[in-house]
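Which chain is which? The protein sequence lines are A and B, in order.
Numbers 1 to 302, taken from the numbering used here, label the letters of the first sequence in order.
Numbers 303 to 700, taken from the numbering used here, label the letters of the second sequence in order.
These are computed hints drawn from the structure, not numbers from a lab.
It should be emphasised that the depicted structure is a prediction, and the values quoted were computed from it without experimental measurement.
Backbone N, C-alpha and C fix where the C-beta goes; we use that ideal spot for every residue, glycine too.
Among the clues, some could well be false.
[Claimed, not checked] Heads up, simulated EDC-like pairs for lysine to aspartate or glutamate below, C-alpha to C-alpha not over 16 Å straight-line: (1) B/LYS564 - A/ASP255; (2) A/LYS194 - A/ASP244; (3) A/LYS148 - A/ASP125; (4) A/LYS223 - A/ASP119; (5) B/LYS427 - B/ASP447; (6) A/LYS223 - A/ASP125; (7) A/LYS148 - A/ASP119; (8) B/LYS564 - A/GLU55; (9) A/LYS257 - B/GLU663; (10) A/LYS223 - B/GLU663; (11) A/LYS257 - A/ASP291; (12) B/LYS430 - B/GLU412.
[Said to hold, decoys possible] Quick look at which bits of chain B chain A covers, simulated, 3 or more residues with Cβ under 8 Å: (13) 518–525; (14) 591–602.
[Unchecked claim] Going by beta-carbon spacing under 7 Å, a handful of chain A positions derived as facing chain B: (15) TYR60; (16) PRO65; (17) ILE68; (18) VAL86; (19) LEU91; (20) ALA96; (21) TRP211; (22) GLY256; (23) GLY282.
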Amino acid sequence: MRILVVTIVAAAALAAAPRPAHAALEVFTCEPEWAALAAELGGPLVNAESATTPEQDPHYIQARPSLIAKVRRAALVVCTGADLEVGWLPLLLRQAGNAAVQPGQPGSFVAADYVELLDKPSSVDRAQGDVHPYGNPHIQTDPRNIGKVAAALAERLAMLDSANAATYRSRAADFAMRWQAAVERWTAAVAPLKGRQVVTHHKGWVYLETWAGLTEIGNLEPKPGLPPSAAHLAELLDQLKGHDVAVIIRSVYEDGKASEWLGSRTSIPHVVLPHTVGSVPGADDLFGMFDVMVRTLTEARR
Amino acid sequence: MERYWRAAMAAPFLFPICGAALAQQQVSGNSFNPAISLILNGHYASYSRNPAEYQLSGFLLDEEAGLASEGLSLDETELSISSNIDDKFYGSLSTSLEMSDGETSVDVEEAYVETLTLPKGLKVKAGKFLSDVGYLNPIHAHAWDFNDAPLAYVAMLNTAYSDAGVQLRWVVPTTLFIELGGELLRGDSFPAADGAQSSGTGAWTMFAHVGGDVGDTSSWRAGLSRLSADANGRASPFDGGSAVFTGASDLTIADFVWKWAKNGNPRDRNYVIQAEYLHRSEGGNLAVSTIGAGDESGRYTGTQDGYYVQGVYQFRPRWRVGARYDRLDASNTVGVTAPTPLAASRRPSRVSAMSDFSNSEFSRFRLQLSRDDSGPSTDDQVVLQYIMSLGAHGAHRF
Chain A
1 MRILVVTIVA AAALAAAPRP AHAALEVFTC EPEWAALAAE LGGPLVNAES
51 ATTPEQDPHY IQARPSLIAK VRRAALVVCT GADLEVGWLP LLLRQAGNAA
101 VQPGQPGSFV AADYVELLDK PSSVDRAQGD VHPYGNPHIQ TDPRNIGKVA
151 AALAERLAML DSANAATYRS RAADFAMRWQ AAVERWTAAV APLKGRQVVT
201 HHKGWVYLET WAGLTEIGNL EPKPGLPPSA AHLAELLDQL KGHDVAVIIR
251 SVYEDGKASE WLGSRTSIPH VVLPHTVGSV PGADDLFGMF DVMVRTLTEA
301 RR
Chain B
303 MERYWRAAMA APFLFPICGA ALAQQQVSGN SFNPAISLIL NGHYASYSRN
353 PAEYQLSGFL LDEEAGLASE GLSLDETELS ISSNIDDKFY GSLSTSLEMS
403 DGETSVDVEE AYVETLTLPK GLKVKAGKFL SDVGYLNPIH AHAWDFNDAP
453 LAYVAMLNTA YSDAGVQLRW VVPTTLFIEL GGELLRGDSF PAADGAQSSG
503 TGAWTMFAHV GGDVGDTSSW RAGLSRLSAD ANGRASPFDG GSAVFTGASD
553 LTIADFVWKW AKNGNPRDRN YVIQAEYLHR SEGGNLAVST IGAGDESGRY
603 TGTQDGYYVQ GVYQFRPRWR VGARYDRLDA SNTVGVTAPT PLAASRRPSR
653 VSAMSDFSNS EFSRFRLQLS RDDSGPSTDD QVVLQYIMSL GAHGAHRF
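Based on the sequences and whatever the hints tell you, model everything.
Structure follows, in structure tokens:
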């Protein structure tokens, strides 16, 4: 009993302690790519931290105490949305009790609201696996989507931290210029791949495929979210006969055994593409992420 | 002719309007339907002792306490409905449908509203809800790692304390997770009883939780809670009679959980170690009626404690194994001569092992073996169970 009272008093004292006058805007992001984007747009004005590491599957993390504490202190929560984080984000928001970042508030930013979602299912049934009723949420693999989200996120930062609005806008303009030039360079680099067929582990690359003109003809997962099974892989192997598949794609958080097996049986190169910032060496920021992605894809089969 | 002309003129204007309408999401009446989820579960159980004689040496249990029914049976079907009510409130209802002896009963497990936008990180919850004391108490039975509650929870909380009341909760704005809270409750369910006699405020709780991460792979939470309850005529049947307790019941719980996952990705490989210690003091009047000795009453004071330690390891996607050890201890002074379970003949203990397989995150099959030494003699238990959830994607607590 006494311990409880002492804890409460100590915590109240901690909470009442004054905060530094020029504290950076606390930005909580669900995925590393949005933390990288917030850092590009805000620089020293923001302190952006991602809930997931590149090695973690953003579908399946838990509403850990550390994340509740981070959401509690956040001024802005930036997530992909489209139900990608449905297993943990609603719980974090409810547990943390931070009014400013609840859905619909200016402190809640949903990236999927600013791009056109692909793969919107006409019907949803759990027998189809872990399907997302609002469309495929893996929007960050098309660099043009990053540009759209950047413009909206910069405006949101400017709105929340109005004293520094001019800085956010000028940083955003600078980023947009550099990004536009890079997108043109990447688009030219992937042009020779147009029309080529690919196999992916999870249905997580449709935006990349749409941008680069690739055709996805199979997945290692039998249904979205279900681990690859021997029966499904055998079926897939059969199905690939007569097809000229350019590459088998997976992300770093997916087990490599299935793609290695399929690669060894078919001599199709299998690669790990950076699905986010920091996921593979060289993908240290958003530019690096797409540099590595484009290079890996174009060098996979010379 | 006139009509055609008009249609032709209007067509270019109509088309863009139709296009815009189609591009927007269609909003119909059921777009605002709340999230609905249904848990279907059932089991097969086999016991070496007669489950009707279930008791825990040294403890008086709730009227409904006992083992899951023997043989094949349907477990409580849980239907949950939840949604944001508006921009300021969230509401949730969990009902359980239970079939026993050919009759179906409906129970309200939880029905509460919660604030979303109170300032300073405060939250208020009102209604009937699972108390936030301990680690396991607020977790619904379908999300447990074993098919039954720890012995200490059976003995002191009748598996989980849920009651009508209000809760105030506050997450402290620190880098370390610190959450403090308290509840004022009606006091109608075990270990409280008949809250009306305590002006409808027969129980209160306080709890503190701290937690954090260690690297990218591990996270932990520790908690300390207190539950003070008025037991106004709390009835406990036992083999050969029944007892009615009127007095105060004070429970303190210390809990700890440690979770590890390879790369922080619980889907592939992970383990969870969890332990709780419960300490209870009860004091008051005990009225006992037995078939042999008739009715008598006297003073009862009890100091009881119990703990469990469990570990669950997911060694490959979809497969888990787990082990749990339970222990209880009671030191009671009872001013009646008739024999009751309070006269502890042995210290209850139990060892359990389980393995489960989840086809997806929505379906699970589990086999559990237990050796239960908590009654007068050893009981070997085998339970095979399925738990399936359908409907809205529920988020599980840490």
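Checked hints:
{"no.": "1", "hint": "B/LYS564 - A/ASP255", "verdict": "holds, 12 Å"}
{"no.": "2", "hint": "A/LYS194 - A/ASP244", "verdict": "holds, 13 Å"}
{"no.": "3", "hint": "A/LYS148 - A/ASP125", "verdict": "violated, 31 Å"}
{"no.": "4", "hint": "A/LYS223 - A/ASP119", "verdict": "holds, 14 Å"}
{"no.": "5", "hint": "B/LYS427 - B/ASP447", "verdict": "violated, 27 Å"}
{"no.": "6", "hint": "A/LYS223 - A/ASP125", "verdict": "holds, 12 Å"}
{"no.": "7", "hint": "A/LYS148 - A/ASP119", "verdict": "violated, 19 Å"}
{"no.": "8", "hint": "B/LYS564 - A/GLU55", "verdict": "holds, 9 Å"}
{"no.": "9", "hint": "A/LYS257 - B/GLU663", "verdict": "violated, 22 Å"}
{"no.": "10", "hint": "A/LYS223 - B/GLU663", "verdict": "holds, 13 Å"}
{"no.": "11", "hint": "A/LYS257 - A/ASP291", "verdict": "violated, 26 Å"}
{"no.": "12", "hint": "B/LYS430 - B/GLU412", "verdict": "holds, 5 Å"}
{"no.": "13", "hint": "518–525", "verdict": "holds (count 4)"}
{"no.": "14", "hint": "591–602", "verdict": "violated (count 0)"}
{"no.": "15", "hint": "TYR60", "verdict": "holds, 5 Å"}
{"no.": "16", "hint": "PRO65", "verdict": "holds, 3 Å"}
{"no.": "17", "hint": "ILE68", "verdict": "holds, 6 Å"}
{"no.": "18", "hint": "VAL86", "verdict": "holds, 5 Å"}
{"no.": "19", "hint": "LEU91", "verdict": "holds, 4 Å"}
{"no.": "20", "hint": "ALA96", "verdict": "holds, 6 Å"}
{"no.": "21", "hint": "TRP211", "verdict": "violated, 21 Å"}
{"no.": "22", "hint": "GLY256", "verdict": "violated, 12 Å"}
{"no.": "23", "hint": "GLY282", "verdict": "violated, 19 Å"}
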